[in-house]
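Asks: Protein chains in written order, with full-length UniProt numbering: chain A, 1 to 577; chain B, 1 to 580.
In case anyone wonders, no lab produced these hints; they're calculated from the structure.
We treat Cβ as the ideally placed atom computed from N, Cα and C, and that holds for glycine.
Some hints here could point you the wrong way.
[Said to hold, decoys possible] One side only, chain B facing chain A, incomplete, derived with CB under 8 angstroms:
no.	residue
1	Ile199
2	Phe203
3	Val340
4	Gly378
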Amino acid sequence: MFDPALFKLPGMRRLTVILALLAVIEGICIIIQAQFMSVAIVGLWHLKALGTVLQPMLIFAIAWTMRQLLVVVKNKLMYPVVEKTTGDLRRQVMQKLYDLGPSYVAKTGTGNVVTTALEGIDKVQTYLMLVVIKVIDMMVIPWVILIYIAWLRWREALFLLAIFPLIILFMIILGYAAQAKADRQYVGYQRMSNHFVDTLRGLPTLKQLGLSKRYAENVYQVSEGYRKQTLAVIKIAMLSTFALDFFTTLSIAVVAVFLGFGLIDGSITLLPALVILVLSPDYFLPLRTFASDYHATLNGKNAFAAVQKMLALPIATDRDQLGDQPLAWQADSTLSLQQVAFSYDDAQPALSQLNIQAHGYQRIGIIGASGSGKSTLINLLGGFLTPTAGHGTIKVNGQTVTHLNQTAWQQSFFYIPQNPYLFHATLAENIAFYQPDAGLSAIGAAADKAGLTAWIKTLPDGLNTAIGEGSRGVSGGQAQRIALARAFLDKSRKILLFDEPTAHLDIETEAALKQTILPVLDDHLVFFATHRLHWINQMDYVLVVDHGQIVEQGTPTELTAHDGAYVQLRNEMGGGK
Amino acid sequence: MKDFFATFKHDTWVMPYLRKYKKLLALTLFLGLMTFFCGSALMFNSGYLISKAARHPYNILMIYVPIVLTRAFGIGRPAFRYAERITSHNWVLRIVSDFRKKLYQAVEKQAVAIRQNFQTGDVLSLLADDIDHIENLYLRTVFPTVIALMMYVLIVIALGYFSWWFGLLMLLLLGLIVIVMPLLSVLVNGARETQSRAIQQTFYTQLTDAVMGLGDWLISGRRADFNARQAAPIDEIAQLRRADHQFQWWRDFTIQLIFGVICLALMVWSSFYWTSNRDSANWIAAFVLSVFPLVDAFQSVSQGVSEWPSYQRSIVRVNDLDTAPVDDHDQTILTEPFSVLRVGQIDFRYPAGQRQIFNQLSLTLKAGEKLALLGPSGTGKSTLLKLILGDLQPDAGTIQLNDVPIAHLQNERAQLFGVLDQQPYLFNTTIMNNVRMGNLQATDDQVKAALEAVELAPMIDALPDGYDTMVAEGGARFSGGERQRLALARILLQDAPIIILDEPTVSLDPITEAHLLATVFRVLHDKTILWVTHHLAGINYVDQVRFLEDGQFDMAGTPQELYATAPRFKRLYDLDQGRD
Ligand SMILES: Nc1ncnc2c1ncn2[C@@H]1O[C@H](COP(=O)(O)OP(=O)(O)O)[C@@H](O)[C@H]1O
Ligand SMILES: Nc1ncnc2c1ncn2[C@@H]1O[C@H](COP(=O)(O)OP(=O)(O)O)[C@@H](O)[C@H]1O
Ligand SMILES: [Mg+2]
Ligand SMILES: [Mg+2]
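Hey, can you work out the whole structure from these sequences and the hints?
Replies: Structure representation (structure tokens):
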């Protein structure tokens with residue numbers, strides 16, 4: 001019930017002790033309040049005047065206020081710890097994210113990462129806020145009350161003590177039954193609950209097929225089926241709440257009847273009987289509040305585990321083998337990969353036996369069918385993926401490195417994928433992302449070289465227009481130009497990694513964009529993965545990739561002369577008629 | 001308050017459903033009321049029972065009725081509660097079924113617009129979430145509030161029956177709890193909700209920026225900036241939550257204090273009203289004890305009501321959907337087989353757009369012809385297709401099939417046009433069912449033949465479940481080329497005379513693209529085809545090429561003619577063939 005990981009949180013142990021002490025005091029307040037309320041009632045029952053019971057009434061009022069105040073105090077004590085913990089968690093998650101890098105995001109999915117960091121931690125907050133106080137209350141208050149009841153009359157106390165484990169036992173048994181039933185129905189249930197969104201998304205297709213009107217009835221029927229299944233699950237799931245309710249209220253009823261008989265045969269007087277009756281609901285209260293938030297707790301616990309798991313992931317080490325300053329890549333610099341291999345999940349290698357010798361300002365084209373491993377190779381060169389350890393060697397300027405996730409290396413290249421990401425910021429900020437200190441005129445000049453000037457003139461605030469998700473739409477061609485403007489702005493990065501930058505563009509946009517890209521390629525080491533053949537004419541070296549291996553490499557002329565994989569690929573790509 | 005009524009002024013989503021399934025609703029409320037009644041009555045009765053027993057009645061039968069009642073209430077409370085939970089869920093889920101159908105119909109009317117206005121489909125999930133939200137509105141706000149109000153009225157009347165001034169006092173004290181506090185909560189929370197949403201939104205945007213742009217952050221080496229950017233909203237959110245919690249703690253504290261006062265007031269009142277003789281004094285404990293079980297029922301009202309602002313947003317959003325039924329009395333059918341499609345001098349501009357998309361554009365397509373439509377993205381190629389399908393209406397000019405305006409053929413659309421676009425949708429069901437959607441009457445063999453024709457049969461045979469394989473959400477388990485082929489099989493079964501292709505190969509690599517185009521033009525050789533494409537691969541499959549630019553066709557002819565006469569076409573063609 002109590003997650004051991006909770007105790008590892010800073011300040012939690014001390015807090016637990018304080019909260020437990022406060023719970024004891026709260027228990028005592030509950031007893032005083034019950035005691036003096038009963039004294040007042042019994043006084044009135046003896047037909048005494050109001051004036052004689054004013055004092056117990058006052059004590060009741062004070063104890064009641066104290067009790068409620070303690071609830072606030074406990075929350076107030078708990079909250080800073082929770083706030084600090086969740087704040088720290090958020091920060092740690094963000095830093096961890098930075099360390100894990102884009103390959104983690106690719107593997108986990110953007111949506112999942114955002115959910116973990118945002119809603120996940122929100123849930124953790126609710127969880128921490130709820131669970132600690134409630135569990136401590138549940139472990140302290142009932143016993144304080146029970147001791148007092150036992151002191152008044154041991155028989156009722158024994159009964160209340162015996163019923164407690166019984167309730168928990170029943171809740172657990174029914175909880176398991178509900179879980180088993182829910183599990184059995186889960187697959188169909190899940191499908192039905194997703195059916196609606198699935199149908200809405202597919203609506204244009206339904207309309208094209210002439211089925212859309214008819215489908216309304218289907219939506220209704222499926223939804224009704226969903227209702228029936230849900231009810232079947234709820235009927236069982238609610239049983240455990242029912243058990244809790246049933247046993248607690250019935251126990252109170254039983255205690256009342258016991259007391260009634262006790263009073264008749266004179267073995268007890270009204271005052272203690274009334275106190276016991278007043279206290280018995282309070283005896284069960286902590287258990288009931290805990291159970292009512294059980295689901296929120298469960299979600300929070302899972303979210304907490306997910307965050308802990310992410311934070312425990314291993315991160316890349318040895319990132320400073322090339323120093324921590326950007327490399328100065330020059331005409332005589334070299335990069336060599338020998339027999340390097342990579343695999344995504346330790347199963348089949350996605351890349352194997354890579355041998356690449358790059359030097360100076362070479363332009364290296366990477367071609368191959370889709371799925372052959374072009375993007376994987378580019379990501380490996382960018383250091384986003386780590387090669388299989390103990391396989392082959394990578395050298396930068398003769399210096400051996402274990403991977404290319406090197407601070408120095410990464411600050412020396414630009415990476416331009418098919419869809420460059422545009423930040424939710426102004427156009428100028430986007431262009432100056434790699435050079436936040438660049439002046440507006442330099443940014444303007446870079447934008448001009450990237451062919452953005454005409455477009456910028458149509459924007460309401462020119463370079464200061466907000467772009468990115470949710471703001472002004474930017475077409476694919478323009479996004480590429482913005483990425484190119486980044487490269488024009490920062491002349492110190494001499495290496496360019498392109499991953500199919502024009503694959504999704506229409507031919508005219510591509511033709512125009514090509515004219516902009518060509519000047520950037522000068523004086524740079526270029527790796528250019530593409531399946532658009534015309535780019536090869538601008539390359540001075542080509543790697544042909546197939547099934548994760550470089551099956552052929554050489555200058556385009558050499559490869560054309562040699563009737564191998566390159567020629568075959570060209571033929572297939574030029575295919576059709 | 002004004003805001004509250006404004007929300008429901010033209011409401012067609014919440015109020016009407018309170019009337020539908022009236023009986024079930026009444027039952028739900030009754031059961032909810034009984035739950036709290038039993039809880040309170042149990043303590044009332046127990047208090048009376050022991051007070052009476054303490055008078056040492058000479059016969060146990062004197063307390064027999066309270067004993068039985070105590071047990072009855074003790075069992076009644078959980079039983080009613082259980083039943084209430086089930087009926088309330090039943091009621092709400094019934095409503096949800098109606099909602100879904102209604103939402104579906106509303107969206108169906110603007111199916112095409114939705115796809116283009118909200119590319120990602122996020123809005124659809126949003127709308128689906130709104131419905132779940134309204135579900136919670138009932139379960140968490142409406143039911144508890146209504147039940148508490150009913151309890152409130154009953155209690156005040158009951159106490160007023162004994163003494164009117166005390167009834168009045170309770171009207172006031174309980175009114176603080178069930179009316180004043182909830183209103184206060186909604187006021188405070190409403191203001192904070194707006195602020196909270198803004199902060200959440202920034203946080204979300206920054207987080208998405210951080211996650212999606214992680215590669216850029218990493219290679220930029222701006223680690224400190226990265227951390228600094230995330231920190232600000234984290235602190236803001238924390239601050240907001242703190243204020244939220246503070247308010248809730250003190251609100252609950254105040255409510256509890258009021259209950260304390262009610263308790264004291266009951267004792268004072270009892271001392272006047274119930275102390276005339278020993279018998280009536282037995283009721284004192286009963287009255288005082290019955291207060292405590294009510295705390296639960298009344299306290300939850302404030303929390304439930306304070307959630308209103310978030311529900312309100314959902315209600316407003318679904319109410320903004322146009323749910324008026326479409327009028328289709330002017331629809332006819334095409335009596336003769338399709339022979340010609342005529343687009344005559346159309347003008348078009350999006351109501352929201354500044355640009356004239358088409359200017360006196362004309363196009364004629366005879367049965368059996370194959371035409372490719374090219375042009376830079378954003379020139380209006382997809383718009384032209386929508387005009388031809390009748391999803392949009394031209395501002396001037398005509399679009400006709402065999403002299404019948406397309407606007408009058410909307411009910412027959414699926415028999416006339418087959419459409420294959422960039423992302424054909426595959427439903428989360430089996431391959432067989434997905435393909436059969438092209439023609440629900442098709443036999444298994446016909447479906448298999450269609451899949452054979454699009455060259456998918458070997459791939460499907462290799463799957464463990466064969467034709468009964470589930471395609472998974474959005475067709476995720478198949479590659480882009482395979483998804484297009486599945487959709488193509490669907491179109492084959494649909495067997496419409498005119499086929500509209502809107503850049504079906506845009507996300508495919510050249511080899512897959514070449515193979516797919518070969519299949520498309522092979523299986524559709526006898527159809528009329530209008531093909532929008534973004535480059536020139538496979539251009540030789542068509543008889544006619546049109547280049548759309550600035551609202552008009554600026555190049556037209558067969559591919560061979562254009563290659564010979566139009567330098568621009570030649571340059572693009574060569575580029576495409578890798579000869580540049
Ligand atoms: N994140 C990943 N996890 C596992 N396998 C992957 C992942 N990304 C790609 N692959 C697999 O690696 C192979 C190469 O993919 P990729 O490098 O994307 O090819 P290309 O860019 O040439 O189309 C493919 O078989 C693909 O399925
Ligand atoms: N629903 C709409 N409202 C306003 N403008 C639109 C809408 N849909 C498209 N547009 C605009 O109309 C132009 C043509 O769009 P579209 O037909 O999709 O181009 P294409 O298919 O040629 O790429 C674009 O500038 C686009 O921004
Ligand atoms: Mg790739
Ligand atoms: Mg389009």
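Asks: All hints, please: hold or fail.
Replies: Outcome of the hint check:
no.	hint	in the structure
1	Ile199	12 angstroms, violated
2	Phe203	7 angstroms, holds
3	Val340	22 angstroms, violated
4	Gly378	6 angstroms, holds
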